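Q: Which chain is which? The protein sequence lines are L and D, in order.
First residue of the first sequence: 1, per the working numbering; consecutive thereafter.
First residue of the second sequence: 270, per the working numbering; consecutive thereafter.
Just so you know, these hints were derived from the structure itself, not from any lab.
Treat each hint with caution, since some may be false.
[To be verified] Some, not all, of what chain D presents toward chain L, calculated at C-beta under 10 angstroms:
{"hint": "1", "residue": "VAL280"}
{"hint": "2", "residue": "ILE281"}
{"hint": "3", "residue": "LYS287"}
{"hint": "4", "residue": "GLY321"}
{"hint": "5", "residue": "GLY332"}
{"hint": "6", "residue": "LEU333"}
None of the values given here were measured: they were computed from a predicted structure.
Heads up, the beta-carbon is just placed ideally off N, CA and C, and yes, glycines get one too.
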Amino acid sequence: MNIVVFVKQVPDVPNIRIDEQRMTIIREGVESIINPLDCVALQASLELREREGGCITVISMGPPQSEEALREALAAGADQAILLTDSAFAGADTLATSHVLAMAVSKLQPFPDLLLCGMQTIDSDTGHVGPQIAEELDLPQVCGVNEIHMDGHLLVLKRLSEGFLDTIRVPLPALLTVSKDLCPVKNLSLGAVEAAFSQKDIIRWAAHDLGLQPDEVGLKGSATHVRKLRPPADRTGGRIVTGSPQFIVDALIHKLESMSILDEEDGNE
Amino acid sequence: MHLEPSMKQAVIRRTVRKFAETRLAPVAVEMDRTGLFPWDIAQEMADLNYFGLEIPAQYGGAGLETISYAIVIEEISRVNAAMGLCVAVHNGVSASPVYVFGTEKQRERFLVPLATGKKIGTFCLTEPNAGSDASSLETSAIRDGDNYILNGNKVFVTNGGISGINLVFAGIQTGEKGKKFSVCIVESEREGLEKGPTEELMGMRGNPVCPIVLHDCRIPLENLLGEEGEGLKIALTTLNGGRIGIAAQALGIAQGSLDVSLKYAKERNQFGKSISEFGAIQDFLADMATRIEAARLLIYRASDLKDKGINHVRESAMAKVYASEVAVDATRMGVQIHGGYGYTKAYPIERFYRDAKVCEIYEGTSEIQRMVIAKSLLNE
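So that you can see chain L by itself, here it is in the shape it has in the complex:
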């Protein structure tokens, strides 16, 4: 089974800062990591390859320094890595990004059996890119998958939606976005990190390699325009109630009542 995993290099969230003028995330001096759910997708691809055989290609669109994320993916065990980098790609919204990623997939020979990505990124959090790639390539898509099995030529998937556990059968090729519950991400071996930097190559494709015109990509190719960007609000801390069980229960009921969450009329008395 040939698998493509899309990875995005994102700033480490506790450090996020916004450039108010340009409405972009400040990346200078901020540690970048692979989007954590993309790591889950990559781990899932490694486990599928172990069972089904095949080849894993990781693809990322981003500035030249995104090479670091791809090298890390190679260290985790991916077979090849493609960096889609071109100054024309800058300022892309999710649609323009998906278009470039879909064009890169179309260029792969043979066409992959399975496309995986995280269900959202921790920086922009839209969850758009996976579904848009699937639409452009006219592939079936399932979002938020937390279990993957093969049954003959079909993928058997599970996902939680609205309190139900869906079981979905999908023919290949298909695109899946994965949730954090799919599988735990393993630690990297230091020898694999060394080898990923000293022994492997990164394939680099620019707009012209993908047959893309400047007005299809980046800011010009974007259908949306960002008006305002702000970091997520700090979560207010919880309160820990200590004491005897009776005291804790009374305090909790009192608190819930005072917040009108628990209606006194609906009690069990």
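With chain L's structure known, arrange chain D on it following the hints.
A: Below, chain D without anything else, positioned relative to chain L:
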């Protein structure tokens, strides 16, 4: 001149930090309290190449260069100095000399198990009457046919309680009085090798440091590392590299102290405001951070020279003496920032304070490092 870490070094730091914070930090208190070595976690580390950091992949290692090696030791020691010590000694002064001075056969027999973490290594130099003065060693090796027979007492052997392969420094008897200072590889299961009880140390209590006694311990001639009489060369070369490891360990302890002290200073309120707003606390934090950065640069400088094959005796000694003194000072300031709580086991800073002190003592005391530095200046 590049003073920024490379992309690879950034990935190495992030990889090790994640592993150290999730796997090694949670066991640090228990290791310090009980002195028990977490074999299950060591096995995970072995699988991730932590026991063959600078050893080439063909022998089962990671094949890292020295700056990456220093980053690994720093990041482990930042949360668990006793494990940092285990890894630094195993890699720096046990696996490394077997790689550098070993024959191909010795590499197969001893280096592969060391680099893959199947065996933990030691470096047995210190004796009751020989520490800084290595020339007064009393451990002897007498040739008897195809064997050497070893007799002597080694003390303060780091990793002693968990070791499988030991590098023992001994004088091979030649005639009446002469002896050739040499290094013998002695497996822990050899008859005549006995380990004493674990030392009750002030810090680094998670590392089973113990004496190793050799009583008519026979080893085959092929267990000699290098040639007869090459012991001093092996010891000096090894300790030059080893000092970088200890410096990185001290740096990790200092950085860990700064990190927990920063967090505490922001959380703790007195006189109606965060203590981080007080100038006295800010002075501590600024001093700690500045000296930590200076220590880090000295370590990278020595590491870079080592990787380039340039003499780095002076630079390694400078990095070791400076970083270990920074660790002692930074942990002292850290305890002071924590106030009364810093003197309790409720916070890790008291452990860092105890762990830091030995960095000024082992692998050459600060006084010996200064002798080395001064000698290299005066000989110029």
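Q: Decide, hint by hint, whether the structure agrees.
A: To see whether the hints hold, each was checked on the structure:
Below 10 angstroms, beta-carbon pairs count as interface contacts, and D:VAL280 has one with chain L at about 5 angstroms; its hint therefore holds. About 6 angstroms separates the beta-carbon of D:ILE281 from the nearest beta-carbon of chain L, less than 10 angstroms, and the hint is met. Residue-level restraint check for D:LYS287 holds (minimum Cβ-Cβ distance to chain L is 7 angstroms; threshold 10 angstroms). With its C-beta approaching chain L no nearer than about 8 angstroms, D:GLY321 sits inside the 10 angstroms limit, and its interface hint holds.
The beta carbon of D:GLY332 comes within 5 angstroms of a beta carbon in chain L, closer than 10 angstroms, and the hint placing it at the interface holds. Hint status for D:LEU333 relative to chain L: holds, with the closest Cβ pair at about 6 angstroms, below 10 angstroms.
In summary, this structure violates none of the numbered hints.
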